[in-house]
Amino acid sequence: MTYDITIDGKQYRLDLNRAEGRWSCRLDGREVEVDAVLARPDVLSLRLGNLAYEVKCERVAGDMHLWVGSSRFAAVVRDPRSLRGRVRAVDDQGPRKLTAPMPGKIVRVLVSQGAGVEAGTGVLVVEAMKMQNEIKSPKKGTIQKILVSEGAAVNAGDVLAIVE
Amino acid sequence: MTYDITIDGKQYRLDLNRAEGRWSCRLDGREVEVDAVLARPDVLSLRLGNLAYEVKCERVAGDMHLWVGSSRFAAVVRDPRSLRGRVRAVDDQGPRKLTAPMPGKIVRVLVSQGAGVEAGTGVLVVEAMKMQNEIKSPKKGTIQKILVSEGAAVNAGDVLAIVE
Amino acid sequence: MFKKILIANRGEIAVRVIRACHEMGIAAVAVYSDVDRPALHVRKADEAYPIGAAAASESYLNIQKILDVAARSGADAVHPGYGFLSENAKFARACADAGIKFIGPTAAAMDAMGSKTRARQAVERAGVPFVPGTSRGLESFEQAEEVAGRIGYPVMLKAAAGGGGKGMRLVHGPEELKSSLEAARSEAERSFGDSEVYIEKAILNPRHIEMQVLADEHGNTVYLGERECSLQRRHQKVVEEAPSPIVDPDMRRRMGEVAVRVAQAAGYTNAGTVEFLVDQQKKFYFLEMNTRLQVEHPVTELVTGLDLVHLQIRIASGERLPFTQDDVVIRGHAIECRIYAEDPDNNYFPSPGKITLLLAPSGPGIRRDSGMYEGWTVPMDYDPLLAKLIGYGTDRDQAISRLTRALNEYFVGGIKTNISLFRRILSDPDFRAARLDTGFLDRLLKQKRAEAPADPKAIEVAVIAAGIFATLGAAAAGAGELAANGSANSGPSPASNWKIAAHKEATR
Amino acid sequence: MFKKILIANRGEIAVRVIRACHEMGIAAVAVYSDVDRPALHVRKADEAYPIGAAAASESYLNIQKILDVAARSGADAVHPGYGFLSENAKFARACADAGIKFIGPTAAAMDAMGSKTRARQAVERAGVPFVPGTSRGLESFEQAEEVAGRIGYPVMLKAAAGGGGKGMRLVHGPEELKSSLEAARSEAERSFGDSEVYIEKAILNPRHIEMQVLADEHGNTVYLGERECSLQRRHQKVVEEAPSPIVDPDMRRRMGEVAVRVAQAAGYTNAGTVEFLVDQQKKFYFLEMNTRLQVEHPVTELVTGLDLVHLQIRIASGERLPFTQDDVVIRGHAIECRIYAEDPDNNYFPSPGKITLLLAPSGPGIRRDSGMYEGWTVPMDYDPLLAKLIGYGTDRDQAISRLTRALNEYFVGGIKTNISLFRRILSDPDFRAARLDTGFLDRLLKQKRAEAPADPKAIEVAVIAAGIFATLGAAAAGAGELAANGSANSGPSPASNWKIAAHKEATR
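Chains as they are written, first to last, in numbering that gives the first Met the number 0: chain A, 0 to 163; chain B, 0 to 163; chain C, 0 to 507; chain D, 0 to 507.
Treat the hints loosely; a few may be bogus.
Unchecked claim - Straight line, CA to CA, 27 Å or less: simulated DSS-like cross-link-like pairs of lysine-lysine:
1. B/Lys135 to D/Lys445
2. D/Lys200 to D/Lys282
3. A/Lys129 to C/Lys236
4. A/Lys129 to C/Lys89
5. C/Lys100 to C/Lys64
6. B/Lys129 to D/Lys200
7. D/Lys456 to C/Lys2
To be clear, the hints were calculated from the coordinates, so they are not data collected in a lab.
The structure displayed is predicted, hence computed values, not measured ones.
Start from the sequences, fold in the hints, and give me the full structure.
This is the structure we're talking about:
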């Protein structure tokens, strides 16, 4: 398998093959001695040469994060031969969605549709676990749409409003 | 679903139905109020009325054991409408198999084929985890067959010899 | 001794009390709200009763429902834990009326310490030092002006019924006083239904140090040493330790004796905590008394070798304290981290959800009091405290190093936790040197986090691991959604609940 | 201080030492045999090196391979744990020759204490009481007859190189002496390659009590109190506690001073244990010295508040003991259970295999030192010790009750463990009353187990649970065979290994 893997904004080419229980691995063309055991689901005991690592994999809504010791890395894995997993370009100029960072309840809508906002202006307040959290506009612009109303229950990732 | 469940030599008839996430349950015709949540695979949080139990399920080679608190029960579950799971009659009179109680290595065969043995006579010695364990004849009789030789590696449940 | 105790709480503290009951041969009765049926305290209890909807007011705060369960189950005592009804004198009174022992102080003692002004009056009579200011609610702006002028600015305005930083205002000079007083009053009225506000001198960069006391019902009161609780975020404690690095035996004795005097002034019984502010000259001032078991009680247990919950139960059942003040010896050092379901990279937003992977630390010097388990969905309805990790060591350095080691072993997948915050705190040079005050954590969090460039070797490891996980595919993935759970569960899971609700909103 | 330590061991003790290294900021190097690649100590180490086949002689006992890894990794010290090479003077000497610090006593001290007769000679010179008998190997049957007649029957014959009950014979009278001597000699020759046998008076129903000592390399030696280790099965310790219920401060001081004298006579450094037999009059006799960290060291850590592995490392790096004898205070009570992979319902046969479900206890007063994890396959090649569960309490009763509670929370599915044995021991009236001796456990196990008729309610629960599990089907089942494991693993799993081997046997 060949993967293009992006971590911290940098892309790496990984060639990985498994035969008879052994991995062979090239990272950006350089051979790396790899020995991997899946200790538990999502927990890998990895040896690179003789250095030992316990790597944990976090999967939330299609995102993959890897914990190496106490460092956490977001990884995007693409198969260069397939279309699946192609990253869509993020358009910083266009409309931006405000999403709920956690499940909770909308306790206040602070601005009305059509209002102008600065970057950092509070748009809505979500309550979860006895705490109220202001969802702020990520950019200067106009509130194009408010998609929820006060009292609504929302899930993590739900779109709450759109700023353009 | 209707099950015939045998525990400690006694058979119970259990009628179990689930509708809209709720269980209804009759045990030997008597209605029992049951509320069950699978906390983790093989771990059930069970309420009978308001009494609470954590029940663990152990499955080894098709056998089911249930732990209720610190008591362990072997359960045989049969569907009375199917043939599957019918218990074969155990013939105490006929030939008896000696099986390995754990994986290990045969370090000694103590009697030869055709020899007469008493109940409790040592037949073979299996070694595992630095311990040697004598496998004894369960009955008085003759060693019909020794199926392993010294030095052999065996798995739990492997038949080692037959006494008749 | 009691035969059966009802635990009117949830989460790690309910598990803590159930364990104590089992250790003492007492049956434990759990109560749970609709979203808490799969909670750990229900799994561990001997009996479990549903008490209503997720909202605490419908369940854990509903006195009548809890007393009904006590009656139905035949419980002879109630342990309230902390939070919820634990400091509710009405509940303590209702228990007494129903002939059920409330494991805690009497309603009268709770009343005496429940209002901050009443508590100040009581300790004033007992000759206990408190922060200079009024011990009664302010009657007028003129009175506030006069007192502030006398004790000197900056001053604090505080709500008598206050807590959690609400109804509190720091006033730097006379020109701010009027508007601050009005603001504090209206916030107090809104938050507690009581606009009473008093004034006290603002102590700059104080330490928050508290003293554990224990009183039996035969007149014996002892102190069990102090806890340093200066590490707070939004007036919530985050890290606590015992002993305090600045308290020496003489200061401990003086603070302890004052704390005992406070308890005795209130006619206090059972476990309680007297909180002090300590200024930079190590002068200490009474702040308030917490009339319950504290979240951070384990650090005291580790350095004294005592079990506070066992002792609470024994005291409530009428036993005498089994030791005297002279028997209490502080040995070693203990530090507690409160593990919360919140996202340190996103302004500490709460992070409820399903725990897909849980690796829990253990080993020498590590105590873990937890209410979570792998596969459990953290509901969004309650305080986000998941567990407490406590490290003990021969000295403070060893406690820190053991705790750091254990934090590195701790992994909670599927939700966000504040575990990384503790690694940051424990490695901070000021924390290591014990230069602590209540502003410490806010200052630390404001610092531009030293963006240590990621170790290139760690990135290499992450890249290769990502590729291996991708190759292994679904077989290597953790629990994720436990298919059978929702179906075996008596109700829909909270997550699906939210989804349904959100969907309704979107389509109406 | 060392920069990197190689841990020449596996299982829970390797994990224990790795944790200590991490707490002290030292890199930890693991070694592993072919079947141990997925072991917990490999997961937790900073570096890990394969050292050969499963058989210990090919890997963990292979001095050259371990020294090679030390050289390749640049480790500056080796911690041997217990078992394997920990008491091998040749290994200690080879480490010294290679310029790598062996964390333990010198080879000379190990030699002095390694042979039981040599140890008896050394303590005899130091004026330490030992069990009456010879302190040298028996030269003839006539000498044996003479000594036995003088000290009086019953007597024990013991192999000088002995351990684990091998080469040991109890002789009730003169008529048994000759055959017993021959048997002991030939067993000693077979087991240890050394037929030297000595004689000592048999002490009936003794207690086995041992004293922990610690000596730095600057001449300071202290004792850290005793451990009661009378609960043994086949001469293997099963439950240990500190302090001993029969040792009072005066006896502790006397035993401790004797233990220090033994250590000093041997020129001992680092951690060691002096074992005593104690008769029914509480007279104690030197038995032997263990020149390593003991399995049961955690009970001493809990009652003294010290970390023995940290101290071992600090001593080996040349530091002085950071405290004196007067600073050592015993507080509270600690009891350890050794969790083995063995089947208590089937004559304690070992039970290797895959752990399909693991519920681990925690909470107040509970320490867990474990080498297992859910999904791991316990190999059949080594000692079956999986983990140690240690309970601490203000007093012995509380330690027992906390431990009992924790044992009830502990669940290991997929293999058999001896957890139920501890529940039985801890509830035994004689154990509760601390009426212990080395015959206790054998007597308990011989008792026809009181077949308490199963609680009908528990059976009802089991029947219903069985039906629910059957209905939920595979979705409710635990890990079982982890499909991806074998494939990600660098070699076949032990289980499939056996299957292949067994198949070969059957078809040839």
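Results for each hint:
1. B/Lys135 to D/Lys445: Holds, because 18 Å separates the two Cα atoms, which is no more than 27 Å.
2. D/Lys200 to D/Lys282: holds, 14 Å
3. A/Lys129 to C/Lys236: holds, 16 Å
4. A/Lys129 to C/Lys89: Between A/Lys129 and C/Lys89 the Cα gap is close to 23 Å, so the pair holds against 27 Å.
5. C/Lys100 to C/Lys64: holds, 16 Å
6. B/Lys129 to D/Lys200: violated, 30 Å
7. D/Lys456 to C/Lys2: holds, 20 Å
The structure is inconsistent with hint 6 alone, although it conforms to all the rest.
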